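*Asks:* One point on numbering: in UniProt numbering, the residue at position 63 of the sequence shown is 63, and numbering is uninterrupted.
Simulated from the structure, these hints should not be mistaken for lab results. No experiment lies behind these values; they were computed from the predicted model shown. Backbone N, C-alpha and C define an ideal beta-carbon position, used for all residues, glycine too. Certain hints may be false.
Claimed, not checked - Using C-beta positions, here's what the derived DEER-type ranges look like: (1) Lys66 x Leu33: 12 to 20 Å; (2) Val6 x His57: 18 to 26 Å; (3) Asp37 x Ala71: 35 to 43 Å; (4) Lys45 x Ala23: 34 to 42 Å; (5) Lys45 x Ala70: 36 to 44 Å; (6) Val6 x Lys45: 29 to 37 Å.
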Amino acid sequence: MTADIVVWHRDDLRVSDNPALRAAGTDGRVHPLFVFDPHFYRSTKFVMAGWRFSTSHLSNSLRHIKNAAAA
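When you get a sec, could you build the whole thing from the sequences and use the hints?
*Replies:* This is the structure we're talking about:
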């Protein structure tokens, strides 16, 4: 029986080199969770640029994983 494992992403949306995801993936079905907290992300230019970079990187990583799984 496989376990359902929730991996809570706080401010790090990395997928490919995330040790928590790697460990969880060996033990069961992984359910990544990210909760956007507007109080944590103030609307400064620096923070918003980082947020855009993180979400873009996450999207690219997930696309790569999907393509690799389909191959």
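*Asks:* Please test the hint of 12 to 20 Å on the beta carbon pair from Lys66 and Leu33.
*Replies:* Since the Cβ atoms of Lys66 and Leu33 sit about 19 Å apart, the hinted range of 12 to 20 Å holds.
*Asks:* Verify the CB-CB distance for Lys45 and Ala70 against the hinted window 36 to 44 Å.
*Replies:* 38 Å, holds
*Asks:* Given the hint of 29 to 37 Å, check if Val6 and Lys45 actually sit that far apart at their C-beta atoms.
*Replies:* With Cβ atoms ~33 Å apart, the hint holds.
*Asks:* Looking only at beta-carbon atoms, does the pair Asp37, Ala71 fall within the given range of 35 to 43 Å?
*Replies:* 36 Å, holds
*Asks:* Given a hinted range of 34 to 42 Å, is it respected by the beta-carbon distance of Lys45 and Ala23?
*Replies:* 35 Å, holds
*Asks:* Could one say that the CB atoms of Val6 and His57 fall in the range 18 to 26 Å?
*Replies:* 21 Å, holds
Every hint, counting from the list given before, is met by this structure.
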